[in-house]
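There are 2 protein chains.
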Amino acid sequence: MTVDAVITRVAELARDHAPAAVIAVGTELTSGLHADTNGPEVARELESAGLRVDLISSVPDDEHAIASALASALTRHALIVVTGGLGPTHDDVTRDAAARALDLTLQADPEIAGALRQVTSRHRESGATAQVLRQAEVLSGATVLTPKLGTAPGQVVAAGDALVVLLPGPPREMRPMLRTLLTAAERHESVRTLRTAGLTETDVQLRVQRALSGTSGIELTVLATPALVDVVLRDRGASPDGLEHAATAVRAALGTAWYGDGEVTLAEAVLRIAGAAGMTIAVAESCTGGSVAAALTDVPGASAVFLGGAVTYADDAKSSLLGVDPALLATRGAVSAPAAEAMATGVRKRLGADIAAAITGIAGPGGGSADKPVGTVWFAVASADSTTSEVRHFFGDRHGVRTRATVTALDLLRQALVRRMDPTGGGDGA
Amino acid sequence: MTVDAVITRVAELARDHAPAAVIAVGTELTSGLHADTNGPEVARELESAGLRVDLISSVPDDEHAIASALASALTRHALIVVTGGLGPTHDDVTRDAAARALDLTLQADPEIAGALRQVTSRHRESGATAQVLRQAEVLSGATVLTPKLGTAPGQVVAAGDALVVLLPGPPREMRPMLRTLLTAAERHESVRTLRTAGLTETDVQLRVQRALSGTSGIELTVLATPALVDVVLRDRGASPDGLEHAATAVRAALGTAWYGDGEVTLAEAVLRIAGAAGMTIAVAESCTGGSVAAALTDVPGASAVFLGGAVTYADDAKSSLLGVDPALLATRGAVSAPAAEAMATGVRKRLGADIAAAITGIAGPGGGSADKPVGTVWFAVASADSTTSEVRHFFGDRHGVRTRATVTALDLLRQALVRRMDPTGGGDGA
Chain G
1 MTVDAVITRV
11 AELARDHAPA
21 AVIAVGTELT
31 SGLHADTNGP
41 EVARELESAG
51 LRVDLISSVP
61 DDEHAIASAL
71 ASALTRHALI
81 VVTGGLGPTH
91 DDVTRDAAAR
101 ALDLTLQADP
111 EIAGALRQVT
121 SRHRESGATA
131 QVLRQAEVLS
141 GATVLTPKLG
151 TAPGQVVAAG
161 DALVVLLPGP
171 PREMRPMLRT
181 LLTAAERHES
191 VRTLRTAGLT
201 ETDVQLRVQR
211 ALSGTSGIEL
221 TVLATPALVD
231 VVLRDRGASP
241 DGLEHAATAV
251 RAALGTAWYG
261 DGEVTLAEAV
271 LRIAGAAGMT
281 IAVAESCTGG
291 SVAAALTDVP
301 GASAVFLGGA
311 VTYADDAKSS
321 LLGVDPALLA
331 TRGAVSAPAA
341 EAMATGVRKR
351 LGADIAAAIT
361 GIAGPGGGSA
371 DKPVGTVWFA
381 VASADSTTSE
391 VRHFFGDRHG
401 VRTRATVTAL
411 DLLRQALVRR
421 MDPTGGGDGA
Chain Z
1 MTVDAVITRV
11 AELARDHAPA
21 AVIAVGTELT
31 SGLHADTNGP
41 EVARELESAG
51 LRVDLISSVP
61 DDEHAIASAL
71 ASALTRHALI
81 VVTGGLGPTH
91 DDVTRDAAAR
101 ALDLTLQADP
111 EIAGALRQVT
121 SRHRESGATA
131 QVLRQAEVLS
141 GATVLTPKLG
151 TAPGQVVAAG
161 DALVVLLPGP
171 PREMRPMLRT
181 LLTAAERHES
191 VRTLRTAGLT
201 ETDVQLRVQR
211 ALSGTSGIEL
221 TVLATPALVD
231 VVLRDRGASP
241 DGLEHAATAV
251 RAALGTAWYG
261 DGEVTLAEAV
271 LRIAGAAGMT
281 IAVAESCTGG
291 SVAAALTDVP
301 GASAVFLGGA
311 VTYADDAKSS
321 LLGVDPALLA
331 TRGAVSAPAA
341 EAMATGVRKR
351 LGADIAAAIT
361 GIAGPGGGSA
371 DKPVGTVWFA
381 VASADSTTSE
391 VRHFFGDRHG
401 VRTRATVTAL
411 DLLRQALVRR
421 MDPTGGGDGA
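Which chain is which? The protein sequence lines are G and Z, in order. Read left to right, the first sequence gives residues 1 to 430 (our numbering). Read left to right, the second sequence gives residues 1 to 430 (our numbering).
For the record, the hints were derived by calculation from the structure and aren't laboratory data. One thing to keep in mind: the hints can contain errors.
For chains that are exact copies, the list does not tell them apart, and a pair is met inside one copy or across any two.
[As the list claims (entries may be wrong)] Derived lysine to aspartate or glutamate pairs resembling EDC-like cross-links, with alpha carbons at most 20 Å apart:
1. K148 / D109
2. K148 / E244
3. K148 / E111
4. K148 / E173
5. K148 / D385
6. K372 / D235
7. K148 / D397
8. K349 / D230
9. K148 / D92
10. K349 / D261
11. K349 / D96
12. K372 / D315
13. K349 / D316
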């Protein structure tokens, strides 16, 4: 098969929603040391193209285990993608396992071998050459997916009606080959992910179910992380435009709790709205310890909007960095409405920002008391014309409290920015 | 079988290093929306008990897919743990799938049904009862693992010589049942994970291989994340104390690059050394945007050592929060040795800390230039008697540069603290 023929065949399988499996190879995966990230990533891409992934497996760097997983996947799947185990070391046995499972032989691809020799002669001792050249071994009859210079090729072989695809494990090498394979497969856009903040999973579920009543052919999944809830709508035979109509109805039902679609993060939503409003942001953090600033600065281009922040963990830091009155901290406590408000107004003024958020609370496990138990967090948002504060009580361990507090701070900033853009608040369809 | 008999059988399988498989059930897993975390967690527990996990699979909430994965796992594994799909909704079909794969019938367990009815009568509309009672259905002949009141039981059935274990998906319900199963299995402590910072993967590999030359029965895995390298030593038939001797030799070879064992994080190591030395810490961050502070404050008890920090993203913030001379920033640039040093000394003085680190660099994708390309990051460490700075050039995208810069800042703090504790630097066996 030529590469073009492979691409065409994959597109046919995708159009037919054929069953697909992904097998990730690596002893670190089955020992539980590392979570498999290739499996979910490949599955997502295959599903977007229309394939139906109903198996993701991790197996160790062991020829028998890989061959056995591959053989059993072949009984039920039309496309099987194996990632990893194509490198030069003695642990890299995916080629041998595939040869065994498919009853094929291995032979050196002269072009790949040439490229590997070229790199080896420049960078390595001659003793390493034989080992490196193992990467040039391809299954008899395989279509080669060209690698970057000096790395392992991808390989595609037909096994009966099925296609078996071997891809390198490193994501940088794997991704371009996977993209090549899916070139001709239309992205079905059969999924819409709508993201929300500020509502419970149950509230989201109720609103969405009401919005979807009467529609058919739409599969609903509600996914809750500690502080955010995603709504996934999947086209399962809806009418044309049915998915888009459903998404529109759900967005309206979610109101201002909806902050974006797809992969957008809450921090991106905050920066986008602030950028559109021409406003700059600052933050003052105690219990979140820099997590809010870190989330904002993780977004490329954050510097156009985000000026900076203070992590005022110790009480003295709240005074020395932000000018919070030590007497206020002594009388009202660092976890209080006036402390949060003084932190927000302090950081806003020091950095000359248009809007600022502050977070001060008790993440635990220590530090709680009867009237301020672990999980008590005060938030404040300050702008030129107003300063507001509110308290939340989060359950969970330290990590859970910090995660929820970080998301809540970002969402309070977002809600304040949305209200400034549209003071009527007409966006909330609840 | 009684529960005790199951526990004894699992201990026997563990002692024999029997092959085990884990199957995680959930459509959100195979669609790539959520990564499977149950699989790796269960695998880790089973491996610690001595079992050899060579398959972790994710399958959707689909009776055929689950039954097929279970049937094919049964051909090669003595213990198969299935998590998820035991709840009350129509999506929860693991019971039915297991009945199909094992050719067993389902019947209601009267005790579980009673407990479910008790909860249902208090909390739910009567229409929901039938659905909730599905959770009481157990495989004929199954040993029931008692759940919390009103949730699904775990189930264990023998299938030939193999054991099939069904556990609920929610980790809170799954964990206690898994722990019960492994009660009698000795934890083999057959693995040592030694963590390093500051060395490349190749350097670590070379040092460790040299340290292990002449030893046998130890399997070595070197795991590299973007900026840290873990060394995993696994007992594969070493002499008594062989694993511990190997770990000791490897620690010596790694010298000060070794920062701890097991699950310890680099931030924990920094806080532990600073705490032992009675020193307090502050940080000033530009391109890492709060990530260093967030990593430190993620550790319970961080407040004993970490005072706070400044996220000075905009140039003005470096001056207003830390007192960095604007003229210095104008002439030398914000990404420069003097800027990093002024940030470190500034935050140290403002917060009254014993030692402070500063990070200023270009994370990209924008902001690079010919002499300061994306990935250029300056670091400084300031204490009462010295201020030092150094530059690193990281490759990778924004996220990669930020991750590497965060880890490097923590490691420079750690190395500075280690040198203060042991000025001879005798710890490095390189």
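Here's how the hints hold up against the structure:
1. K148 / D109: Within one copy, since 15 Å is at most 20 Å while 59 Å is not.
2. K148 / E244: This pair counts as neither: shortest intra-copy Cα distance 39 Å, inter-copy 41 Å.
3. K148 / E111: Within one copy, since 12 Å is at most 20 Å while 62 Å is not.
4. K148 / E173: Within one copy, since 7 Å is at most 20 Å while 46 Å is not.
5. K148 / D385: Result: close neither inside a copy nor across copies, 57 Å intra and 49 Å inter.
6. K372 / D235: neither (47 Å within a copy, 48 Å between copies)
7. K148 / D397: between (45 Å within a copy, 18 Å between copies)
8. K349 / D230: neither (36 Å within a copy, 44 Å between copies)
9. K148 / D92: Close inside one copy (18 Å), not across copies (44 Å); limit 20 Å.
10. K349 / D261: neither (34 Å within a copy, 45 Å between copies)
11. K349 / D96: Classified as neither: same-chain Cα gap 65 Å, cross-chain 61 Å, threshold 20 Å.
12. K372 / D315: This pair counts as within: shortest intra-copy Cα distance 17 Å, inter-copy 38 Å.
13. K349 / D316: Result: close both inside a copy and across copies, 18 Å intra and 12 Å inter.
The structure is inconsistent with the numbered hints 2, 5, 6, 8, 10, 11, although it conforms to all the rest.
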